[in-house]
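Given these sequences and hints, build the entire structure.
Take a look at the letters that make up each chain.
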Amino acid sequence: MKKPGTTVILVLNQEGLKIDADAAIRHYVKGTPVPIYLGKDATEPLHFDWTPADLELQELASQFRHISKFRFVLDNEYEDSQIWIRHYRTVPFFPLQQARIAKQGFLVERKYGPEDLPIPSAGLTLINAKRDILDLDISREHVKKDTPKWRVFLDKYIRVLMTFARRDYEAQKPTSLMDQVVAYHLALEKYNISPGDYHFAQRFRSPLVPSYAELLHGIPILVLTLQGLRILSAGEISRMKPSTIKFFPLHHPREVAEEEISIVTSRMKDDMNQREAIVFTEDFDDYGFYERLFKWVLEDKLPAMTDLTWADIFGAEFAPIDIPLDDLLPDGGRFARLPAILRGLVIPVSPWVVQTDKEYFDYESNAQRVVLVALGMARAGTHPDLKIVKTGTLLFDADDDFNGTLIRAEHLIKSSDELQGLVTNYFKLLAYANLPHDADEELLEFLVENAEQEILHLMKGKLPISKIERPNSRWSKIWEFTSRGLDLQAQPVVHPVAS
Amino acid sequence: MDHVKGILAEHKIPIDYVELNVFAKGFIDKPISFRLDENRITQILIGEALYSRKDVAIRELLQNSVDACRLRKFLEPNEPVAIRIYREGNRLVVEDNGTGMDYDIALSFLANKGLSYYASEEFRAMREQMDFDPVSRWGLGILSCFLIASELVIETKRQGKDPCRFTIANVGEGMALRGGLLEEARDDCHSGP
Numbered sequence: 034m035k036k037p038g039t040t041v042i043l044v045l046n047q048e049g050l051k052i053d054a055d056a057a058i059r060h061y062v063k064g065t066p067v068p069i070y071l072g073k074d075a076t077e078p079l080h081f082d083w084t085p086a087d088l089e090l091q092e093l094a095s096q097f098r099h100i101s102k103f104r105f106v107l108d109n110e111y112e113d114s115q116i117w118i119r120h121y122r123t124v125p126f127f128p129l130q131q132a133r134i135a136k137q138g139f140l141v142e143r144k145y146g147p148e149d150l151p152i153p154s155a156g157l158t159l160i161n162a163k164r165d166i167l168d169l170d171i172s173r174e175h176v177k178k179d180t181p182k183w184r185v186f187l188d189k190y191i192r193v194l195m196t197f198a199r200r201d202y203e204a205q206k207p208t209s210l211m212d213q214v215v216a217y218h219l220a221l222e223k224y225n226i227s228p229g230d231y232h233f234a235q236r237f238r239s240p241l242v243p244s245y246a247e248l249l250h251g252i253p254i255l256v257l258t259l260q261g262l263r264i265l266s267a268g269e270i271s272r273m274k275p276s277t278i279k280f281f282p283l284h285h286p287r288e289v290a291e292e293e294i295s296i297v298t299s300r301m302k303d304d305m306n307q308r309e310a311i312v313f314t315e316d317f318d319d320y321g322f323y324e325r326l327f328k329w330v331l332e333d334k335l336p337a338m339t340d341l342t343w344a345d346i347f348g349a350e351f352a353p354i355d356i357p358l359d360d361l362l363p364d365g366g367r368f369a370r371l372p373a374i375l376r377g378l379v380i381p382v383s384p385w386v387v388q389t390d391k392e393y394f395d396y397e398s399n400a401q402r403v404v405l406v407a408l409g410m411a412r413a414g415t416h417p418d419l420k421i422v423k424t425g426t427l428l429f430d431a432d433d434d435f436n437g438t439l440i441r442a443e444h445l446i447k448s449s450d451e452l453q454g455l456v457t458n459y460f461k462l463l464a465y466a467n468l469p470h471d472a473d474e475e476l477l478e479f480l481v482e483n484a485e486q487e488i489l490h491l492m493k494g495k496l497p498i499s500k501i502e503r504p505n506s507r508w509s510k511i512w513e514f515t516s517r518g519l520d521l522q523a524q525p526v527v528h529p530v531a532s
Numbered sequence: 016m017d018h019v020k021g022i023l024a025e026h027k028i029p030i031d032y033v034e035l036n037v038f039a040k041g042f043i044d045k046p047i048s049f050r051l052d053e054n055r056i057t058q059i060l061i062g063e064a065l066y067s068r069k070d071v072a073i074r075e076l077l078q079n080s081v082d083a084c085r086l087r088k089f090l091e092p093n094e095p096v097a098i099r100i101y102r103e104g105n106r107l108v109v110e111d112n113g114t115g116m117d118y119d120i121a122l123s124f125l126a127n128k129g130l131s132y133y134a135s136e137e138f139r140a141m142r143e144q145m146d147f148d149p150v151s152r153w154g155l156g157i158l159s160c161f162l163i164a165s166e167l168v169i170e171t172k173r174q175g176k177d178p179c180r181f182t183i184a185n186v187g188e189g190m191a192l193r194g195g196l197l198e199e200a201r202d203d204c205h206s207g208p
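Heads up: the protein sequence lines correspond to chains A and B, in order.
The numbering used here puts the first sequence at residues 34 to 532.
The numbering used here puts the second sequence at residues 16 to 208.
None of the hints are false.
A partial selection of chain A residues facing chain B, derived with a Cβ cut-off under 8 angstroms: (1) P37; (2) L43; (3) P66; (4) V67; (5) G72.
Label pairs and their in silico Cβ distance ranges: (6) B:R106 <-> A:F103: 41 to 47 angstroms; (7) B:R142 <-> A:T180: 15 to 21 angstroms; (8) A:K36 <-> B:Q144: 22 to 28 angstroms; (9) A:E48 <-> B:R142: 34 to 40 angstroms; (10) B:Y101 <-> A:R325: 55 to 61 angstroms; (11) B:R142 <-> A:K177: 20 to 26 angstroms; (12) B:R106 <-> A:T84: 31 to 37 angstroms; (13) B:Q144 <-> A:D212: 49 to 55 angstroms; (14) A:D188 <-> B:R142: 20 to 26 angstroms.
These aren't lab readings, by the way, just hints derived from the structure by calculation.
Here a beta-carbon is modelled for each residue, glycine too, at the ideal position from N, C-alpha and C.
Structure (structure tokens):
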């Protein structure tokens, strides 16, 4: 032995004789700065390129062979002196969310999931920590996650994800304010760094890693201030030193949200003061993210934070008025001079309180049952468990063309039992169509229109233009808005029967 | 009581200020030393329960070789480095032309489980100028070889030092470590094709 170096000779035991050195090297080594030759006379070093062509990852992919043409497609790649990251997405979409980590080119045995670190929702993430930026346990099969290094690693990793998300966001070239917010959140969601993500919110609750703190500071928020509707970051809102922040939750679908923003902006912008901010929140805000965000950003300068309701927005216009036709409305129904934007609609403004001896977890079907019972439209004996203990309030638009015609014809209607019955049923139908239901929308439109024609025929009035197509009606445009949006503030409250 | 007096003296508290009225109650006032069963600890560190795969020894040897090669590259930047692994009958050979060890270094790290050269003062002194972090850390990986081997032979040479050879066998049964300077030559690791 003349030159420096080391030779280790293992005299193999029975277990050792079964070892496949080639497979073992390929399993453990994912990248090496030193060439490795396999075989005493090998002239070419082994080639290492950690991709889904890796034997183990092929095995992973084979678990999905029942999915036609399943494969991993490289989505993003990043490398610097400390870290190397590759994101592969599954094609077709499959919610895999797995990460494999190597440290200094050697595989860490454990598989990682979204509970450990953010991983794109349909993807496989390969990470090689090129430097000593992770602590491993003695077996080197697990990354230690309770060490300062793990936080530094996460900080760096999240910063890389933020770069990916920023690139995706800019590629979409969003133009409208709403587009900008939606595109930004979609980009964050793709990389599992959305504040609405459960794991993410839990993982970084406290203390925050610097990149996540930066992400939170920079999140674009659609906000209405005295200066108008604009996008500000949480940091910029904090510099406003607001005295009040009001949250307005937007609803799906997109058209509904845009309508809501338009209504709130047009109604509120002139009455705001310099230090007031209305924050439009995304529907992902299930965990009170925005409230937590402002508590964190504003710290001791925390302003009053409240929810902005439709009642706040429409104020006096939601006040019921006494009209002699009130008695033909369903229980809880009142007329009101609704704002033009809600022309022709029926708006629930206070909830029904219902007692039941069953437990239901599905809001939609619960609400549909309550609506049927509340409007007296349920077939006898179909929902014996539901007892209405407090009637909600439904506002009918007194200024709607057709409703106005009926109000003016009050004496005529009340002089005819047949007309009275038809009008009573019409108002029920109108309410039903505006509340959570599982009926076919087209059928409902047909029934409403048909009822109007039948009533006018008996009143010997002119056949009206369809309610759906009337120029002063918001009906067709805002149908979804009422059934999915406005009614949420007046959802039935279901109480279990006290034992 | 001597122990208490010792503490007082260490903190320069005059004994007169303290009312020495302390008695041991419910326990024996004698130091208790803990002993570890070396064979059992060695068995644990070999890794039947530590590692999920038996071929982990290959990873550990490659890691050591990578570190040694990178260190040599740092010390002698123009020297090509490489690792070679091959089977020869019932033997698995892993060789590198890394920095190697001299007799004293090798003896020290082979005889003392849990001691790594990369945690040594000598290495730490160089580390700040290096552009790499060693993979090896615990100095225990070599023991994992005994998951697949009954005997381990290590031949090593450091620049300017005599080569040496060590043989480790019967690990867990009193572990026999034999070592000495190597007189016969061996084929040096090819540093490439």
